[in-house]
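Enquirer: Protein sequences appear in the order of chains P and C.
In terms of the working numbering, the first sequence opens at residue 1 and continues consecutively.
In terms of the working numbering, the second sequence opens at residue 1 and continues consecutively.
Read the hints as simulated data drawn from the structure, not as lab findings.
Certain hints may be false.
[Unchecked claim] Facing chain C, according to a computed beta carbon distance under 7 Å, are these residues of chain P, among others:
#1 A53
#2 L56
#3 V65
[To be verified] Computed spacing ranges between beta-carbons, pair by pair:
#4 V69/C to K10/P: 42 to 50 Å
#5 E5/P to V69/C: 48 to 56 Å
#6 F106/C to N196/P: 36 to 44 Å
#7 P96/C to H11/P: 27 to 35 Å
#8 D120/C to R190/P: 26 to 34 Å
C-beta: ideal position from N, C-alpha, C; glycine also.
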Amino acid sequence: MKTTELVKNKHAKWLVFGRDADKPEQIIDTNQYMIVTNTRALLMDPGGIELFAPMLAAVLRHAKVEQVTDLFASHQDPDIISSLGLWDQALPDATLHSPWLWEGFIRHFGMDNIQYNAIPDEGGTISLGSYTLQLIPAHYLHSSGNFNIYDPENKVLMSGDIGAALEGVDAPLFVENFDDHISKMEGFHRRWMPSNKAKNDWVKRVRTLDIDYMAPQHGRIFTGDNITKFLDWFEALEVGIINSNT
Amino acid sequence: MFVTAARIAAHLYFATKIAKNLSLTAKNARAITARAGQQAAGFTALTTFIQELSSNTIRLAQQVNIVAVNISMAATQLERVQYAKKQFIRAQYLGPKAQFISSIDFCLKQTKQTELILSDKFSVLRFELDGLIEETRKQIRFAAVISTMSKVEASKSGAFEAQLDVIAANILLSGNEIRQELECAEVLLSSSNMELIHENN
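Chain C on its own, in the form it takes in the complex:
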């Protein structure tokens, strides 16, 4: 799971990069609409939405990134504790007649307790990650809507239509790219859920 969480974090890092480009697109749109004046009045209203979309996506992707890194760290700790537990059990198997073998029982108990605490922490973080990815996904659905509206408004902006068309296309492209990264993250998350169910069984 620690590798999966790191991979999820990597996908969300790329999503953040794309969202930063979207922010540049919003700034370009604002500059063009300022030059176009009344001709692009409809588009001007949309630039605020583009900026918000970008800011929200960056914020959410950064939150997902933090949670994914925390999951990766918790999974690494869990892996270490589970490995130690396995080794203690192996020592019991190798030395059943060792005079002081029962003195390891306490270590084993402690390890099992730590394993439970870490497993709980892990579940909470996974739930949080699930929620954040879903929220980011919802945000990105707006990209398609904003792009369509931008296209319509661009067509009404006379000499500035071509430039604003590029902006509309960029919004759609960025939205699609972010969606692809999110889909990869979701596939990884659901495959790790399956792994966890398999391990628990």
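Okay, chain P solo, but in the shape it has when bound:
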């Protein structure tokens, strides 16, 4: 499991975990994120059950287990949160922030100890002490109850499946040439995102945010101009279309 420090300021740092060459071959590669403040840590889309041990080992390089007070699951998919039953035994006092829509479903992964903070449709905030993160609605992108996390201080948008590309573990961490990258995202976005209306609402919402890093749960991270290029491309894309190759 590779760990990269994405960005930091004096209050918090962002870490990305992924590109795990030791993961079982048939599961897709995922990016997990963690924001660490001086006293607390939030683990975002902590991943599937298969990744738990390498993820825990990677997390403990940067935070004590009791420092991880919060978890976030952007939606209910197994590659996002099927490790919950194990985190539940490692972090019994933690809180999981996730869409209200999925509470009864996500609990099936095993949750005897962790608290569930049901995020309302309109979003909200997560406070890590004095450090505040915003929950940006991203419903139907792709899940019917779905959120992104925005950090206004470090200007990071953790965008979940938006901007995702299904690539191998040797793929670079950052998008270099946006035009070359389109072919790696197009099929996924057309097939997995069901609603043009929801997509365009999200684009409009996100254009108001000041973003330096757009960090999806699969594939490469967008920086600088590539973020605007992505928003323009995504806005023009017709989604909700079946393509036999995806």
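Since the structure of chain P is already known, use the hints to place chain C on it.
Expert: Chain C alone, transformed into the frame defined by chain P:
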């Protein structure tokens, strides 16, 4: 073990179904002996035993079913805790130089404690299951005796002999069917005992 316990519960569920049929047989016997009157006086006394046999078997099989389901649940919890323990140990192996790796020691300790508590709970439930299956088995031994006695009494009931013979045969058949289900449950239980000994070694 959680699969084995569920399979044991399934066998006992079938045993309950058969015992319910036995209860119907007891009711039929009572109706026939009422019609036969004095001719089937000996058989009339036996119908109470048939009903008791059926009720006791149903009660015991239902108790076994509850314990087997509890065992299945405890085994599932145990499996989850043991899996978590394995993953914590794996994380220690993967990140020996991680700055905060020792902070996981407490989780590991907690997991081991929970594992012990669940293992104890599991042993108590298994012991209970063993006892209940044995008790059900003892009950079913009476089925053969009651069937033989029924056959003898049927032969003395004149025109009603053929009908009461069917009742006697049904008692024997039900008893044998329940015994078969119990034998399957016992085989599963003893094979899971062997598995447990193997795991502990």
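Enquirer: State, for the Cβ atoms of P96/C and H11/P, whether the hinted interval 27 to 35 Å holds or is violated.
Expert: 30 Å, holds
Enquirer: Min Cβ distance, A53/P to chain C: is it shorter than 7 Å?
Expert: With a minimum Cβ separation of about 4 Å from chain C (threshold 7 Å), the hint on A53/P holds.
Enquirer: Taking 26 to 34 Å as the hint, is the beta-carbon distance of D120/C and R190/P inside that range?
Expert: Between D120/C and R190/P, where Cβ atoms are some 55 Å apart, the hint is violated.
Enquirer: When the nearest CB of chain C is found for V65/P, is that gap smaller than 7 Å?
Expert: 4 Å, holds
Enquirer: Does the Cβ-Cβ separation between E5/P and V69/C fall within 48 to 56 Å?
Expert: 50 Å, holds
Enquirer: I want to verify a distance hint. Is the separation of the beta carbons of F106/C and N196/P within 36 to 44 Å?
Expert: At 50 Å between Cβs, range violated.
Enquirer: Is the hinted range of 42 to 50 Å satisfied by the C-beta distance from V69/C to K10/P?
Expert: For K10/P against V69/C, whose Cβ atoms are near 56 Å apart, the range 42 to 50 Å is violated.
Enquirer: Can the hint on L56/P be confirmed by a CB-to-CB distance to chain C that is less than 7 Å?
Expert: 4 Å, holds
Figure legend: structure checked against the earlier numbered hints; hints not met, in rising order: 4, 6, 8.
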